[in-house]
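Just so you know, the protein sequences line up as chains E and Y, in that order.
Read in this note's numbering, the first sequence has 219 at position 219, and its numbers run on one by one without any break.
Numbers in this note's numbering are just positions in the second sequence, counted from 1, shifted up by 1000.
Wrong hints could be hidden among the right ones.
Quick partial rundown of chain E residues pointing at chain Y, CB under 10 Å, derived from the structure [unchecked claim]:
#, residue
1, 77
2, 81
3, 85
4, 88
5, 89
6, 91
7, 93
8, 95
9, 327
10, 331
11, 357
12, 377
Everything labelled a hint here was simulated from the structure, so no lab data went into it.
The C-beta atom is built at its ideal place from N, Cα and C for all residues, glycine as well.
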Amino acid sequence: MKTDYAKKTYVGSVIMFKSILNKIKRPLQNIKRPLGWIQFNLIFLIVFNVTTVQASENASSPFEDDESCLTCHKYPRMMRVTDEGTIRSYYIMPDVYANTVHRNVPCRDCHTNIQQLPHEPVEKGVSCDTQCHSIKNPATGKPFSHKVIVDAYSQSVHGREKVETGIESDKPYCITCHNNPIYDPIEQAPPEHIVSRCVLCHEDGNFVQQWYKHTSRRIREVKNTSAQIVQLCSACHGDEKLVTKHIEHAKKEGRELGEKFAVAVESYNDSFHGKLTNYGFGETANCLDCHAEQENYYKSVHEIKPSRDPESPVHKDNRVETCQQCHSLADENFASLDPHPTTKTETGVGVFRSLAEKIYNMMSVTVIFGLLGLAIFETIGRRRDGVSFVLRKSTSWRRKSKRGRDRV
Amino acid sequence: MKLSAEAKSVLQSSLAKNKIDENEQKEIEDLIDGLPDDRVLIYKNVESDPLGDIYRYSIHIRLQHMLTFVTFLTLAFTGLPIHFFNASWAEPFNSILGGVDVTRVIHRTIAVVMVSSMLYHILTLVAGTISRILSGTFDIRRTIIPLWKDAKDFKDDLLYFAGKRLQRPEMDKFMYKQKLHYFAASFGNTVMVISGSSFLFPELWASILPASISSEFQELMRLSHPHEALLALLVVAFWHWYNVHLAPGRFPMQWTFLTGKITREHQIEEHFLEYIRNLVELPDERKKLKEMMESRGLFNQSANADQGS
C-alpha cells in the first residue's frame, strides 16, 4: 500500500513540477530584448517543450498527435483576450490530455469545423452529441456518440442547448456535472496488485493501464454517494439567488413551479432523509432516489421531470410505488406524508406546521421562564426566613432571620 | 400546637387506618399538643441527617428514577445532534459515539429501555394502589393525583415567598411542584413515545390514521419530538436540578433518589401532613421529635410559660 501511495504522489508531483516549469518560462517570453536573446529563448523553449512531450509520451501515454494540433497548441502562451476582456487559453498539456477520458479521441472528432491549418477562428463550441468518426462503439460497430443521453437530457426539465443565453443558461449542461477531472492520482498509477495480474495474459503494460483507466473511471463515477448527489443538486437548487430568479421568471411567464421548488434543499436537509445523509449515512433517500426512476437509473437521472409530469416518479399517481422502493409497507396515506417538511410554504401542511411551531415556541418559553421565575422567587422567599444553602451541623436553618423565630 | 382542620382530618384518618389503640392515640395527641404553634420553629429546630431520616420512596421508584435519569440523558445526547445537525456542536457530539450509524441504534435501543421503565412504573402504580385499597390504607390525598388543594397551596406558597404569610401551606406527601413535574414528565414521555414511534413506524401510523389527517399528524410529530425533548431537557436542567441540587437546604445534593429517605426538616417544611402520618406510623420518630424539642425547651412551651408565671 505504501509504495502505491508513494508512486501516486511521485507521478503527481512530476506533473505539478512540469506545469510550474512552464509558468516560470512564460515571463521570459514577455521580456523585450535584442533579437538574439529572443531567438535563444525560442530555441530553448522549443527544445525544452519537445523533450517534455517526448518524455511524457515515453512514460505513460499512447497519445499521438496525428493531426499536428500540438504544433501550435503545445505553447503555454497560446491564448487570446476575448471581447469581454477575459483570457482564454488554448494551451493543451499533452501529458495531461493523455490521461483524460477522451485521450483516444482525435481533436477534430469533436472540433468538427476545423478543416485546414492554420484554422479559422472557432465560433462554435463542441457539443456532446457529436458523433466520433474515429471511435467505433465496440458493441454495435457504429461511430461512438453520447447522443442517446443528450437526447434524453434535452427532454428533461433541465434540458438546454450547449449555447444558451438568458435564463436557460442557468440550467446545467453536461460538463456542469461531468466535470471530467484531468488529474486523478489513482489513474496516474494504477494499483500494482491489479495491473501485475492483468499483465500476465495481456502482456503489454501500457494496454493494461489504458484499460484500467477506462473501466475503473466508469465504475468509480457511475454511482456517487448520497451526500455527493445532494451536494451536486444543491449547487443550483440550494442557491437562493438562482432559485428566486427562476421563480420570478416563471411567474412572469405564467408557468407553475413545484410547491417545494423554493425550499427543496433546505426542507430536504430538515427531513430525516436529509439529516442522515448529512451525517454520511448512505442507506437513505437522496434526491435521485425519488426524483429519478430506479429502473434504467443512469438514463433516468438525465431525464428528470417535474412532479406535475405523469411520468415523474414523484407525480401523485406514482408516489406510492416510489415510496415502496424503501418503505415496503407504504400505502396511499404514507405517500401523502410530506418528504420536504417546511414552514415556509403558503399552502397545505406547511401552514399547519408553522402555526403549530409558533404555539410550541410560545409554550416552551412560557414554561421555562415561568419555572425559572418560580425557582428564584422561592429562593428569595425561603432565604428571608433564614435558610442556608448547605445542610450542615444537622440543619440548614442556621442563619438569623429578620422575622425572628430563629433556631434555638 | 393546634392542628388546622385539614391536619386534624389527616390525623384522624391515619389513626383509624393504622388501627392505633387508645393509649398510643393519647401519646400522639399529647406530643402534637406539646409542639410549638409556629411550625417554622419545629423545622428550624429539628436535627436532620443530610442522607435522609424518613423513608419515602420504595426501591421500585428509585430504580425507575435511575432508569429515567440514564435513558433520558442518553436519548437527549444521541437525539439532539441529529435534530440540530446544523449547529456547530452537533457534529462533534455525534462523532463522540461513532457517528449517526451508531447513535441511531443507541437512540432506539435506549428508547426501548425507556418504554420498559414506563411500563414498570405503571405496573408499580397499579399493584401498589390495589394492595393499598385491599389493606384499607389508600388515601387519595397521599397520592400524586392533583387536587384542588394544590392550587390553593400554590397560591399560599407564593404569598409566603412574597413575604405576605408567616407560614408555608400544610402540604401533603407530594406538593404542587412535584405533581406538576410528574405530570409534565409523563405527558412528555407519552409524546416522545408516540412521536418516536411515528418516526420508526411511519407506515403503521399512516395506515391507522385517516388520510385526511395522516400528513398533519406526521408534521406535528416531527415538530413535537425535538420540541418536547428540548423543553424537557431545559426543565430538568433549570428546574429539577435547581430543586434537588441548588435550592437552599438541598445543596449540593438531595440524597433521596439514592437512599429513599427525606430529611426531617424538609418533611416538616414542605410535607407537613405526611409528617403527621409519620408520627402516627413511626413510634421512633415521635420519641426523637419529643427529645429534640425538649432539649431546646420548645416542648410544652405554653405550659412551661404558665408554670413560670
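Requested in this report: Identify every previously stated hint that the structure contradicts and give their numbers, smallest first.
Outcome: Of the numbered hints, 1, 2, 3, 4, 5, 6, 7 and 8 do not hold.
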